[in-house]
Each structure stands twice: as C-alpha cells, then as structure tokens.
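K.L.:
The chain contents come next:
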Amino acid sequence: MNIDNIKEQFPIFNNKINNKDLVYLDSANSSQKPIDVIDRMYDFYTKEFSNVGRSVHYLAVAATNLYENTRISVQKYINAKDKNEIVFTKGATEAINLVANTYGQKNLKEGDEVLLTELEHHSNYVPWHYLRKLKGVKIEFAEINNVGEVTLESIEKKITSKTKMIAITHLSNVTGAILPIKEITQLAHSKGIPVLVDGCQGAPHLKLDMQDLDCDFYAISCHKMYGPTGLGILYAKKKWLEELPPYQGGGGMIERVKKNDISYGDLPNKYEAGTMATAQVIAFDESIKFLNKIGIENITKHEKDLMDYGQEILRKNNSVKLIGNPKKKGAVLSFTIEGIHPHDIATILDEDGVAIRAGHHCCQILHDKLGLNATARASLGIYNTREDIDKLNLAINKCKKIFSLK
Amino acid sequence: MNIDNIKEQFPIFNNKINNKDLVYLDSANSSQKPIDVIDRMYDFYTKEFSNVGRSVHYLAVAATNLYENTRISVQKYINAKDKNEIVFTKGATEAINLVANTYGQKNLKEGDEVLLTELEHHSNYVPWHYLRKLKGVKIEFAEINNVGEVTLESIEKKITSKTKMIAITHLSNVTGAILPIKEITQLAHSKGIPVLVDGCQGAPHLKLDMQDLDCDFYAISCHKMYGPTGLGILYAKKKWLEELPPYQGGGGMIERVKKNDISYGDLPNKYEAGTMATAQVIAFDESIKFLNKIGIENITKHEKDLMDYGQEILRKNNSVKLIGNPKKKGAVLSFTIEGIHPHDIATILDEDGVAIRAGHHCCQILHDKLGLNATARASLGIYNTREDIDKLNLAINKCKKIFSLK
Amino acid sequence: MNLKELYQEIILEHGKNPRNLRRTENFNKDAKGHNPLCGDKVHVYLKLDENKKIEDISFEGSGCAISMASASIMTDLIKGKEETEVKEIVEDFLGMIKENPELNSKNLKEDEKTKLMCLSGVKQYPMRVKCATLSWHTLTSAINNTQHEINTEKMEV
Amino acid sequence: MNLKELYQEIILEHGKNPRNLRRTENFNKDAKGHNPLCGDKVHVYLKLDENKKIEDISFEGSGCAISMASASIMTDLIKGKEETEVKEIVEDFLGMIKENPELNSKNLKEDEKTKLMCLSGVKQYPMRVKCATLSWHTLTSAINNTQHEINTEKMEV
Ligand SMILES: Cc1ncc(COP(=O)(O)O)c(C=O)c1O
Ligand SMILES: Cc1ncc(COP(=O)(O)O)c(C=O)c1O
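Sequences listed follow chains S, E, C and A, in order. Here the working numbering is used: position 183 in the first sequence is 183, and no number is missing along the way. Here the working numbering is used: position 209 in the second sequence is 209, and no number is missing along the way. Here the working numbering is used: position 23 in the third sequence is 23, and no number is missing along the way. Here the working numbering is used: position 80 in the fourth sequence is 80, and no number is missing along the way.
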C-alpha cells in the first residue's frame, strides 16, 4: 500500500463535507477509518453476527474465533509475550481506570505516591485522583521543561521511597513530546515501581514493542488507531493480571458462582465482564492489518516529514506561536495566535473545511502551567499531506485578515 | 412495517449459514441487527465520522447533535422525565457495575443488605458480591416458586430493616418469568429502598415506561435490542445521578482540574468518561426507530403468540421438559431432554442450522436451585416465525433419534 | 453559515477593546460565570443605587471575541437602566439568540437593538451560542444574588 | 462436519452406560476436573499397586455424552497399565485430538487404538474438544498428585 495515495482508502475524503474538501487535522481526537475496517463491520453484522462466548452453534464458534484472532493480532503488533496479556476495554479511559482501581485496591495505601506528569490527559489523572479521595494517596506531577518535554531527570527528581506507581503519557496530545519510556521504565523498575503508559497518542504513530519498553501497563484507544469507536486495549504484564483483583463483575468473567461466594475465571476473561464490543474487536483486526500493510516505520517517517514541514510553515507565519518544541515530537501542532482566541480560530478554519480542535484538550494542568486557557491544535494522521498543511496555513491567514493581524 | 415479513429487514437471513437456512433462536444472548442499523454505522463512518464533544468543526458539531439525538430518542422510548437520566455505557453489565460501585461507595456499609433473586444473571450478582467482599454488605436472594417465578410475596419475605437496595431482573433469561416490577417498586419505596431493574431481557420485548415502573435504575443492553455491540444504557432517576459520586474518571466528565483537586461536570457527562461508543450510539437511534415502526405492542403480541405455540409443541414432544412455567412469561423457551445433555442437543441442532444456547446462561444460582448443570435455551426475537419453532421441534426429534429416545 | 455575519466589524472592535473591562469599586452585586467549552471565564460586578438603577456595571475575564464583545456590548447598554428593565432585556436577548427573529423589548431603543442584533450571527454557529450568552447569564445571576457560579453547560442557550 | 462421526454407536453406548462410574475403594490417588463450558464435572480415582500399576481406576461425575464416553473408554482402557505407560498414552491421545491423524503409542494395542479413534470425530467440533479431554487431563493431574482442580479452560485442548 502506498502512503502517497492513502486517502483513497478513507471514504470520508470522497465526500464534500459542508460543501468543502475536508482537511482533517483532528486525528489526535479520533482518526478517520479505512474502508476495510468499515466493510468488516458491515460484513460481520450482515453475514456472520453472533455473540462470542460459550454458545456452541456455528455463528458463535466462528465469532469467538474471530474475536480471539484479533487478540493474537494485537499481541503480535505490540510484541506482547502472551495473548492473554491483551484485555479489550471500552476505551483507553477504561483501561486506565481498570488499573488505577485494581492496583489501587490491592497495592496503594494512605501516603503512597503516584507520579504523573504535567502533560497528562485527564483520563490519566482523574482515576488516580479517586484514590487520593478514597485512600489518601498522594499525586505528584513531574514537571515539563521550557520546550514542553518531560525528561528522565524530571521524573527522577519526583521519585521518593513512597512512589508506588508511575503513570505517564507516551506522546503528549498537546506538545507532541515523546517521553523516554524505556529509560523511565528502567529507572522505575530499579526502584521496584511499576509503570503505566497512556499510549493513546503513541499507539497510532510509533512502533510498539512491549518487550523493549518493558512497561507494566499500556493503554490504547482503538478509535485513534484507525479502528472503531467504543474499543480500547489494556496491555498488562501477565503477573499483574493474575495478581490484581477483577474490575467489573458480570457474565463471562466467573468460574463458579454460589450464593455465598464467587470464584473468577482465567485471563483474559477475568477482566472482560459482560458482552464485549464483539463487532468492533473483530473489525479492529483490519486496522492492524492496515497498519501492517503500510508499515509503522513508513507511518512514523511520513508523519515526521509532515510535522517538520508544518513547523517550518507555521514558524514563518507571523503571530503564530507553536506550543512546545520537544526534541522528539509526534504528529501534533498546537499553536496560538496572539490576539485571536483559539475558538475563533477553529470556527474560522472550519469555514474552509479545515477541521482542528480548540480548547484545553483535556489537559488543564498543562494549560494552567503554560498560562493559557486554550490552544488550537492541528493533529496529523497517515492520510494528511503537505497540501493539508498549506491549506491550514492559508486558513490561518484568513483568520488573521478577519482580525486585522499581519 | 409488517411483522410477517420482518426477516427481510435482517440481512443475516439472506445468507446460508454453514450451507443451511439460519433458524436463529439465540436472541436472548444477542439479537440480529436490522439493515437500517447496519447501514447507519456504515454511513456514519464513511461520510460523517468525527468524535463528539467540544470540537467546534462541522463534523464534530454534527456528530454531537446526532449523539444527543439518540439520548432524546431513548428518553422518549422509555418515557424518562429528562434526557440527562440516560447514560450510555459499554453494556448492561457496566450499567449495573456503575450503580453498585457508586451507590455502594456512598450508601452501603457493613451489615446492610442487598436483595437479589435466584433468577439473577451473574451481571446482577457479581458487582454486589464485590461490595460483600469490600464492605461486608450482605446479599439475600428472593426465592423462586415451583413455576420459576419470583413473586411480590417472595420479595417481601426477604425485606428487612437492613435492606438498602433491591436489584432484580425484569424478565428471566432462563425461565422467562416477568417480574411484577411496578408492585415491587411500590413496596420497596414504601420502605425507602431503591430498586434497580436489570432490563436486559425486558427492554427488547416489553413496553418500557419508567414513570409507570417507577424504578430508580434500569439497565439495558443495546445489542439485545437490535442495536450494535459494545453499547448499553443506564437509566437512573436524576436525583441519584446528581447525588452519587462519578464512576470512571477521564476526559469529558470534569469541570475543573487543578493539581490539588478536581470538580466534575454535569449530567450526563459526569458518567460518560472518555471517548464514548459514538458510532454505536448514533446507530442505536435506528434501532429505536425500527422498534417504533413495528410498535412494541405488536412485538410483544407476536412473541407471545410464538411462545405459546412453542410451549404447546414442545409439551407434546415426549422427553422434552420445559423449564419454568410462569404465568407471565417472555420470549424464552428453556428445556432439557431426559437422557441428552444440553450441549449434545445444541451441537446436534446446530447441524440443522438451528442456533440455540446450552449451558447455565450465566445463572448458576438458578441452575443449582433447579438441580441442573445446564439447560438448552431457545430464545425468540421479532424475526422468528412458527416455521422456526417447527424446525426446532424437528431438530429435537433428530436428536432423540440419534440418542434412541422416543 | 456566514463568517461575515458572525465576525462583524463591531464585534471585532468590542472584542479587541472591550468596554467596562475592570472592576467596579464598591460594587454591591456580583457573579462569576464559566464556559467549559472554551475555558472562558467572566466575573460581572454591579453597583445599584437605592432605586435599583444600575449605577455602574463592569466585568473581568478573558475569552473569545464573541464572548468579550458580548460582555462589552451588554455592559455598555445596561448601564443606567433599572433592574426590572434589565431582567426584561436579558430575556429578550436570550430569546433572540435562541429562536426569535428580532428583539421586542420596550426597554431597548432602536439603536440599542441594532447593536445587539450584531450578535445574532452566532445563531448559525450552535457551538458558539454559549460564548455570546455567558455574560448575560452571569448578569442575571448577579442581579438575583445567586451564589453558585454560572456554567453555560447547564444553560439551554 | 459430520454428526455420525461424533456420535458413533460406541460413544452413545458408553455415554449411556459408562463403565467404572463409581468410586474406587482405598484409592491412593485422585483429582477433580471441571469444564466451565458445559458445567461438566469429573472426579477420577486411582489405585496403584506397589509396582505403579493401575490396579483400579474409576470416576464420578456428570456431563455430556462425549465427556462421559471419553471417561468411560479411558478408564476401561487404562486399567492394568503401568503409570509410565499411562502417561504416554494420555499424551498420544491429546496429540491425536489436537492434530495428529492417528495414534502412535506402542503401549496401545490395535483394538484399543480403534476404540480411542472413535473419539476423533470431536476434532471437527472445536467447542466440544474439551468435553473429550476433561477426564484425560484429570487423570494426569491425579497421577502427578497436582493439588489444584483441572479446569479445561486453562488447557489448550
Ligand atoms: C438478564 C441479563 N442480565 C444481564 C446481562 C448482561 O448484559 P451485557 O452482557 O450486555 O452486559 C444479560 C445478557 O447477557 C442478561 O440476559
Ligand atoms: C493522551 C490521551 N490519553 C487518554 C485519552 C482518552 O482516550 P479515550 O477517550 O479513547 O478513552 C486520550 C484521548 O482522548 C488522549 O489523547
């Protein structure tokens, strides 16, 4: 598959949106879906639908096999040791809640510290805040430096003998900073601290190798990874899934149920209570295939090239200020324009079909630190081109014109 | 829409499954999907996809409106007072976990009692069991009578001054018993006890009127209601949603986030953390439209007619024993055949394209009570016909022949 | 949709140089408002004289052009009016933003109506309506001495 | 798929009248097994003599025709064999159910092989494979004196 005409794989770009060509720069929010993924859902529902699990009829057996196939595909894609280290969730948010809840229940007590960073998305803060409220756990924030990175040193500085969990983003959804996960994990493990990685922004853009990163938990949001909505993945080292208590309770996750006691099923069932997002899991296999066909190296390269180009163009544009300038940066271009509020920018850009996001992007801690209420964010996916960047720049110029800026 | 040729609306029946015509009798597990629902997902992904929420670009605004439209459709369908009493979840299992967790956190303490019934699905038991483990809450089970019902009296018998929650199924997924929810709610409320209804099996088959039932919580599983997988609904009276703490934490459910504290957003955002199952919610609107076009009265009537026919036929069939004979019974025919294990039955029926389920159907408590390891279950949907019942009966006869029964 | 109607000259000008962006000394009523959508915040201060006439009104805050302009135009226009008149004007304004084609208040002069109608362009931008109404809701809250902070997510418009 | 191969006469017969469905007196090894799929349960009892020969083997439990027949045929066939032989036969049987076209064990006579091959019909029914293997895994567990209960969900076949 050739990345240059990859847009053809995404039917959304075949239509005019609000009478304009769509310049989709909101992939960090959610990516568009390739036709194979959409077709897979259609076919599954029209020709093969059944719930998975313990039914022995033909459709149920077939669906169960397909469902488990995706688990194996994901295992391979992220280089996990065991397919049962892959747990399907409703989203990355649930994946992180699952860890905070179960690890918190079992291993955290008053005064223990959880170390986050100032870059964290609310989804990797609120679940830990619950433990603060419930158990008196403390939350520390490793600080960003002046280019919007969190370095190994910044993490190291906040580790104390009370630190019992480090939960950090792989790639900031605002500054684009890529964190040195492998080094952080090494450091953390040398002190006996587990590491959870919020991989929402890492997974769609970077090569994933759990053996190399060696983190304990990795949370993925499938809808940002060219997959269906309503699906996420928690990777967790087997020992954790074995050792931690279950999360939600319900059908499919039990072994024996008596009036006075219940025993739980094995991995991964223990963490997949109730009917799962069957069709979505099955279709996600196509997302993995799609990514594999292009090759993650090509994706990373394509996006880096675009991002360099975008940074260059926007830097040249007067009054545009890029947010963050990390050395290792993923496919996110956040910016402000002196004198124009990000929401006005987004509204005006939208008039030209340029879809970006404005706001705090679920990172209020970071925006407080930067002294900003909001930023504008153009985020990239594999379907973006230099032309998209040029259109972004033109639309920004129109913005400036309306506001009489130079 | 005419219920007699409703099968045409379900593309799955246009294909041979494993070279046979599909006789789908596993709707209590998950229903098949009408073409409009499947098409809606396809169209949304191919022409309109965006995440919902706070983005201001065209696609995001449109998707957000569609998403909220479904909330209003559901509100109307179940006659809730306020659209913000509708919370989208990943499934009924999550809906029940949400209530058990938040209500449990706030209102239950050691020695308090939660009253379930012997009919409950594991999804309406395990979440309460967690509270037993965590807080020393007690669990009581209202008993079934000899026709597989739970009566008002049976509930009343188990209510004590310590009862702080009654959590019961609307319609048993094994015996088909329809519980007198309205009467139970009245009784419970007269004693100040809230009522949660597991509506998984009620919602696809019965008229839903929250004002009439007056329950405090009602959990729905959309995939059993001709909707997409990976989606459920929690209806809860507004006062509960306002009063109870949030469940999962993440993006979208907060108001303000500071390093030392967090405040939560309003209903229904407070309970919808992270990216939701956008496409599924939007498509579920078509499920509601579909149900409305046929009319729930017609559905209930059609299914009752079929069930009566099925009971008549199976009663006439030697060695077949129907499980439960409740006066008010929903579209479920559970049975055993003396001398043939349910899993052998299911395997043999499958050979003729007759898809049923065998096992404990996530109701071990009930099966223990009945002294059975497993039962066979044929469950009905709107697409089933008398012909399907006849084919079931023929396949059962084949079964008996193989096992040399008369 | 029409950007020109949304970002009219007068909006841009008020957005850039908002009137009454300060804090009234000796205010006797005030309220805070917050629009989670854009992170906009506003704090409205009122000084009513003994006849319940608005002697002074001012606001502090930051936000998008629409919300700043709306607060600026509002404070300009409300100053000198009586409390009951103000309540009526707020209702008229919110009604116009929600659905009415025009303003009907007897308490508004023609040129005041014209000025306010400049904000009507926002009607075509549902996601931006709350930017225009934040300061107005906050004003109501100040007048009514409501203690809780206004959050536009709780408002219909 | 072929029902006739799955439900062969001999399977049905053993399923209906399982051999050794009782509890060995003075057993010296035993183990429990459980198949969450069908709720089947089995308890295998062994009596080994001083030379590690299976003096008696029996089982208690209930389940589908396949699992009952499998336990019945197994106990019939294993009686009188030596522990090391048994281990080898179990492996051969599981290998056959998983992938091998036939049985290769030197410890099985031709007619024993023929009998066991009657269970091979299950290969075409992946959801039923564990019904056929439950008692075999439980036998292994008994021989090895493993304390935990066998759960077929944890087994590959
Ligand atoms: C009565 C009942 N309750 C709860 C559930 C759980 O629903 P879900 O698996 O969709 O979460 C089911 C279905 O499996 C059910 O039949
Ligand atoms: C960095 C980061 N973490 C977590 C999330 C939450 O993911 P989801 O909303 O899919 O649960 C997101 C996306 O919204 C994100 O960008």
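It is worth saying that the hints were derived from the structure and are not from the lab. Please read these numbers as outputs of a predicted model, since none were measured by experiment. Here a beta-carbon is modelled for each residue, glycine too, at the ideal position from N, C-alpha and C. Honestly, I wouldn't trust all of these hints.
Stated by the list, open to error - Beyond 10 Å from chain S on every Cβ pair, some chain A residues (computed):
1. GLN8
2. GLU13
3. ARG19
4. ASN26
5. ASP30
6. LYS52
7. LEU103
8. ASN151
9. GLU153
10. LYS154
Stated by the list, open to error - Selected chain S positions facing chain A (Cβ under 10 Å, derived; list incomplete):
11. ARG54
12. SER55
13. ASN65
14. ASP261
15. GLY265
K.L.:
Decide, hint by hint, whether the structure agrees.
P.N.:
Consistency of the hints with the structure:
1. With a least CB separation of 19 Å from chain S, GLN8 (chain A) remains clear of the 10 Å interface cut-off, as annotated.
2. Against the 10 Å criterion, GLU13 (chain A) stays outside the reach of chain S, whose nearest CB is about 23 Å from its own CB.
3. Every CB of chain S is more than 10 Å from the CB of ARG19 (chain A) (nearest about 26 Å), matching its label as outside the interface.
4. For ASN26 (chain A), the requirement that its beta carbon stay farther than 10 Å from each beta carbon of chain S is met, with the minimum near 30 Å.
5. Non-interface status of ASP30 (chain A) relative to chain S is upheld: no Cβ of that chain comes within 10 Å, the nearest being about 20 Å off.
6. No beta-carbon of chain S comes within 10 Å of the beta-carbon of LYS52 (chain A); the shortest separation is about 32 Å.
7. For LEU103 (chain A), the non-interface assignment is confirmed: its Cβ lies about 26 Å from the closest Cβ of chain S, beyond the 10 Å cut-off.
8. Its closest Cβ contact with chain S, about 7 Å, brings ASN151 (chain A) to no more than 10 Å, contrary to its assignment away from the interface.
9. For GLU153 (chain A), the requirement that its beta carbon stay farther than 10 Å from each beta carbon of chain S is not met, with the minimum near 6 Å.
10. Distance check on LYS154 (chain A): its Cβ comes as close as 6 Å (rounded) to a Cβ of chain S, failing to clear the 10 Å threshold; non-interface status is violated.
11. The beta carbon of ARG54 (chain S) comes within 5 Å of a beta carbon in chain A, closer than 10 Å, and the hint placing it at the interface holds.
12. A hinted interface residue such as SER55 (chain S) counts as satisfied when its beta carbon comes closer than 10 Å to some beta carbon of chain A; here the least separation is about 8 Å, so the hint holds.
13. A hinted interface residue such as ASN65 (chain S) counts as satisfied when its beta carbon comes closer than 10 Å to some beta carbon of chain A; here the least separation is about 8 Å, so the hint holds.
14. Of the supplied interface hints, the one on ASP261 (chain S) is violated, with its beta-carbon coming no nearer than about 15 Å to a beta-carbon of chain A, more than 10 Å.
15. Hint status for GLY265 (chain S) relative to chain A: holds, with the closest Cβ pair at about 7 Å, below 10 Å.
Checked against the numbered hints given earlier, this structure breaks hints 8, 9, 10, 14; the rest are met.
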